[in-house]
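Sequences listed follow chains E, U, S and G, in order.
Just so you know, we're using our numbering here: the first sequence kicks off at 1 and counts up by one.
Just so you know, we're using our numbering here: the second sequence kicks off at 563 and counts up by one.
Just so you know, we're using our numbering here: the third sequence kicks off at 701 and counts up by one.
Just so you know, we're using our numbering here: the fourth sequence kicks off at 1192 and counts up by one.
These are computed hints drawn from the structure, not numbers from a lab.
Errors might be hidden in some of the hints.
In silico DSBU-like cross-links for lysine-lysine, where the CA-CA straight-line distance does not exceed 30 Å [what the hints assert, rightly or not]:
1) E:Lys-402 to E:Lys-323
2) E:Lys-323 to G:Lys-1201
3) E:Lys-402 to E:Lys-321
4) E:Lys-321 to G:Lys-1194
5) E:Lys-476 to G:Lys-1262
6) U:Lys-574 to U:Lys-623
7) E:Lys-323 to E:Lys-476
8) E:Lys-27 to G:Lys-1201
9) E:Lys-402 to G:Lys-1262
10) E:Lys-321 to E:Lys-27
11) S:Lys-1071 to S:Lys-798
12) E:Lys-476 to G:Lys-1264
13) G:Lys-1255 to E:Lys-476
14) E:Lys-476 to G:Lys-1194
15) E:Lys-323 to G:Lys-1255
16) E:Lys-321 to G:Lys-1264
17) G:Lys-1194 to E:Lys-27
18) E:Lys-321 to E:Lys-476
19) S:Lys-1071 to S:Lys-802
So the chains spell out like this:
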Amino acid sequence: MISGLPPGLILIAGAVAIPFVGPTIRKGLVLALPVLTLALIWGTGIDAGTVWSAPFMGYAVSPVRYAPTGMLFATVFSIMAFGGALFALRSARPSEMAAAFLYAGSAIGVVFAGDLITLFVFWEIMAIGSTMVVWNGSSDAARRAGLRYALIHFFGGIVLMIGLIGHIEATGSITFDVMQADAWPRWLILAGFLINAGAWPLSSWIPDAYPEASPAGMVFLSAFTTKTAVFVLLVGFPGTQALIYVGLFMIFYGIIYALLENDMRRILAYSIVNQVGFMVVGIGIGTEMALNGAAAHAFAHIIYKGLLLMSAGSVLYMTGKRKCSDLGGLFQSMPITATCGIIGALAISAFPLTSGFISKSMINQSAADQHMMVVWLLLTAASAGVFLHAGIKFPWFVFFQKDSGLRPPDPPWNMRAAMIFFAALCLLIGVFPQPLYALLPAPVAFVPYTGAHVVGQLQLLLFSGLAFFLLLPLMKRTLTVSLDVDWLYRRAAPAVIAWIARDLRELSDGVLGGTRAQVGSIIDSMAHYHGPAGLLARTLPTGRTVFWVLVILAAFLVFNFS
Amino acid sequence: MKHHLIPRVIAKLTIPGILLFALYVQFHGDYGPGGGFQAGVIFGAGFILYGLVFGLENLRKVAPPQIVTAFIAVGVLLYGGVGVVSQILGANYLDYDVLSAVDHDGQHLGILLVELGVGITVAAVMMTIFMTFAGRLR
Amino acid sequence: MIAQFPALQVVIPLLGAPLCIILRRGALPWLIALLVSWAALAMAATLLSQVADGEIISYALGGWLAPLGIEYRIDTLNAFMLLLVAGTSSAVLPFAYKSVAKEIPQDRHYLFYSGFLLMLTGLLGMAITGDAFNVFVFIEISSLSSYAMIAMGRDRRALSAAFTYLVMGTVGATFFLIGVGLIYAVTGTLNMADLAERLPPLYQSRTVLAAFAFISVGILLKLALFPLHLWLPNAYTYAPSVVTAFLAATATKVAIYLLLRFGYTVFGAEFVFNIVPASEVLLTLALAGVIIASFVAIFQSDVKRLLAYSSVAQIGYIILGISYANVTGLTASIVHIFNHAVTKGALFLVMGCVAYAAGACRLESFAGLGKRMPLTMAAFVIAGLSLIGVPLTAGFISKWYLVLGAMEKGWWPVAAVILATSLLAAVYVWRVVEIAYFRDAPADAPPLSDPPLALLVPTWVLTGACVYFGIETSLSLGFAEQAAIQLMGGG
Amino acid sequence: MEKHWLVRPKTIRLLWIVMLGVLAVTVLLQLGIEIHGEFHIDETFGFGAWYGLGTCAVMVIGAKILGAVIKRKDTYYD
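Sequences are here, hints too, so could you generate the full structure?
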């Protein structure tokens, strides 16, 4: 009975209830519901398979399908929802908490989807939920970034939907299973998935929108959208060669941009792209071990990236500052935040005894096993690069470097508790990887802790550290942003339209104005035709309609008689 | 029009005739030329003539607008009601055969009532239109 | 008794209208209208359940059998339209009580409800009759009463809007009549089923071609297909709230029904799509309408007007589905007729709530409404999501089928346009949401709160329907599919 | 106010020494542990060390060069 319930619905129901209950009940609710979800998932168990089907739009949809990969992702999503809720317990407004739960619930919905329609339904709800989370950053910048975020995800939804419908039309099947990227419907589906994964060129929404969310909001955002994309790629397109190259590009794109970045949360946002790149490469390699590695890395990544963002969020929450150039020396007054942040940083860098070590190694090893030397070398270089941009750069510039003079205390107890919880998880998984291995879709025969591997990794990371400190003068923080593809739709497209529009207008307006004026002029010229008094919207005399009546009538008649 | 004696006298003489003729057209409609629509127009014309000659005020006294509008409704109700009665008696809407034991009589009765409904509505509508337009001028 | 429902379906609203005039005191007219409408809904539901298995009901008025007499002929599509029209009126009439009391002078209420019932009669009649000339009669009944209803709007511009609509509506109805006259001239019959049998041998006749041109242009004007939509925005903007909600949900939809009925049943799909270039004409106009009207909607400063332009765009979607000339496209059109009626009905009732509380529906008067009228704006958001076509709302079902139909034809650029314009819908819905939720009300704004339950409940019933029909599709989609198959099968 | 012990110059010098010591140890450890790579290059002595140092330098310098082109004032989009 209850086991047939789509597990995501628990959190979604919570999202509906949250705005209507008092603060005390709300706090209990947000902590209890993720636990309840976890209990439902594991109480039902993997043997349940496809629990039920129902007719919807003439198809037999199966909203609840238990499968190993789904279980793994749902487990970490529930843990994340719990940790995030604990972190957000006091700071988040009811609307933000509700949005976050809608978001988390629909992400869990996606990973249990047994068919493409259910998947798409939850996919779109996830877009709405996450947009609401961004908006709850409640600044003007958050509102604008949220709109861009929403439009990109709606666009991704469109690409995905055309692909899905084309696929369903061609095959007659709605089952969500392994697909071959061999015809344009499948290419579109792949593209739709990759947009959510943050693949270049549509990746800039991550550093654009996520850092505008509230401190707690970004903790939630980092976990679900990109990782559900990893999930669907894992299930739908394992072994698609193109993904190796996409993934490698994402990895180095993330490193380079993170190195250039000044905003601590944008550094971490770029590092999301980087880390998802590792998973995408693993999916592209497509062997059993590579897929295991991708899944394990997603699991580990959600936790340590959540931890890093909690640490960054605590700093932002306590100081109100987010730029590296404004921060520094915080380890003295925020020891717990700093320690947890460092543990997260070590985990993301795949330091031995942390969760990243056991998961990333699997991906690297699978590349080696397949004798992909270039891929392996690049992945190894990237591991060093991760340590550079996230492993050292983030903690160094936030907690050490110069003394900014700021002496904020550690954040409130709930934030500390959430950080300690996640830090402990990072270490536990790193030391005892067996429980995580047991969750993986395929049996694991991988032993991470061999002397050679540990030594090799230590050499790599420690010498990267050396490189960091030696090259420190080259990495002086500057008050800058880096141009990215979003420049095209934030700057170039409006300017081009404005340029054309200006040419269409009288020459007197041709003087170069500020960009704002240019954008204004597009809107003006659009409004000229479409606005309330515009040509296409004006209350025209009836004669105009009669004219059109005659035109259409004539069209019919002329075509008929010719 | 108070001083125009001749129109007043002639109107007084002809109005009863017009109304009588209207009733003739109405009830003879199923045997000869005529019917509810024509009868209604003629009947209404009688009142309109009265209104033209004796003024709107007097017409309003003879035929209070509220009652006239009500008659629009009554005519429609009569028309529709006959149809509903035939339904109640077990036939289709507006199937008059069932209105009497003999089919022929039923047809006769049905058409008579329906035409009466039409006549009433048309007459009332004509009067309403006249009163509305005449009233607008002031 | 049930055998008489086809006639009663039209007769009861028809008799209700004069009854409102006679019993004009107090709330009686409203009560009559409400009861009549609910009765009509019950009958429509019964009829739909009777034709659900594909049966066709034929009812001879006055006992005169077709093709001599007037025949009411009910297949799935008719019954579905009846349900839609009666259902919408039953949902908006409870709303009318308070809304009309606020927007229309007390001494005209009885006229309002009487006119409303006539409008209902006309729309039901158009949907039920199987006689081409009878259609014209009902078009006139519904049109004349809707002109009067629009003219009752508070704003003085309502008068000019009604007048424009009157002129254009009359042009449309006249074109329709000319066309019916032409086919009568060549076939000697007005019964649709009979026409369907007699027309095929005459397909090359110029009279028939001309008749088709006149009838379709006449209907396209009534259904407000771009660029023949110019009467619609003003009419919807200035009419009383209830009238807008009712007309937006039903009037253009019944006109679309006529297009389907004449296209598929009377002239036949073979004629319409193989002999006449209807598919190309409809496709072109529909795409132009969807794109341009969506853009125009973005730039409106009056939310009612914005929604009116969105209606023009949505009508474009419906016509798009028809232009595919396949079962999926037709299903999409019919289901979108239904889903859009529910969605727009809900949105215009929200406008009614805003107009009731704030007095106007201008964009700037929405500032801060998210906090001040939370329930009303929540309904707007949900119905707005349905307008965009977000999953789990009614709009999604239509969008899915529209795209699926395009894919079956291999017209994937059309599919891309459909989905891209839903981004435009997202933008214009967003404009309202942004102002309602992200802009604070001016400091000197009078206090506002959600309207009374009498307004909120009907609004939320329709809003709930947007979600309900997005999840439980057996009613909307099931009947739409059956109707589409019947139409394509030449039924 | 006295500086935190961790940021005193004396400590930092100590840290550098310790760090260089640890670096040396990790490389020297390889003498005792045989590494079986899949490729030849990863079996070279101190592969992790020189590869990590080298690629990091490349990445930092690459980023620096790219940054010269794509960096803008952080009020660019406002």
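A quick look at each hint next to the structure:
1. E:Lys-402 to E:Lys-323: 13 Å, holds
2. E:Lys-323 to G:Lys-1201: With Cα atoms ~29 Å apart, Lys-323 (chain E) and Lys-1201 (chain G) stay inside 30 Å; holds.
3. E:Lys-402 to E:Lys-321: 15 Å, holds
4. E:Lys-321 to G:Lys-1194: 23 Å, holds
5. E:Lys-476 to G:Lys-1262: 13 Å, holds
6. U:Lys-574 to U:Lys-623: 16 Å, holds
7. E:Lys-323 to E:Lys-476: 13 Å, holds
8. E:Lys-27 to G:Lys-1201: 48 Å, violated
9. E:Lys-402 to G:Lys-1262: 23 Å, holds
10. E:Lys-321 to E:Lys-27: Holds: Lys-321 (chain E) and Lys-27 (chain E) sit about 27 Å apart, inside 30 Å.
11. S:Lys-1071 to S:Lys-798: Between Lys-1071 (chain S) and Lys-798 (chain S) the Cα gap is close to 23 Å, so the pair holds against 30 Å.
12. E:Lys-476 to G:Lys-1264: 15 Å, holds
13. G:Lys-1255 to E:Lys-476: 10 Å, holds
14. E:Lys-476 to G:Lys-1194: 23 Å, holds
15. E:Lys-323 to G:Lys-1255: Answer holds: Lys-323 (chain E) to Lys-1255 (chain G) is near 19 Å, not above 30 Å.
16. E:Lys-321 to G:Lys-1264: Within the cut-off at roughly 18 Å; holds.
17. G:Lys-1194 to E:Lys-27: At roughly 41 Å apart (the allowed maximum being 30 Å), Lys-27 (chain E) and Lys-1194 (chain G) break the hint.
18. E:Lys-321 to E:Lys-476: 18 Å, holds
19. S:Lys-1071 to S:Lys-802: Holds. Lys-1071 (chain S) to Lys-802 (chain S) sits at ~24 Å (cutoff 30 Å).
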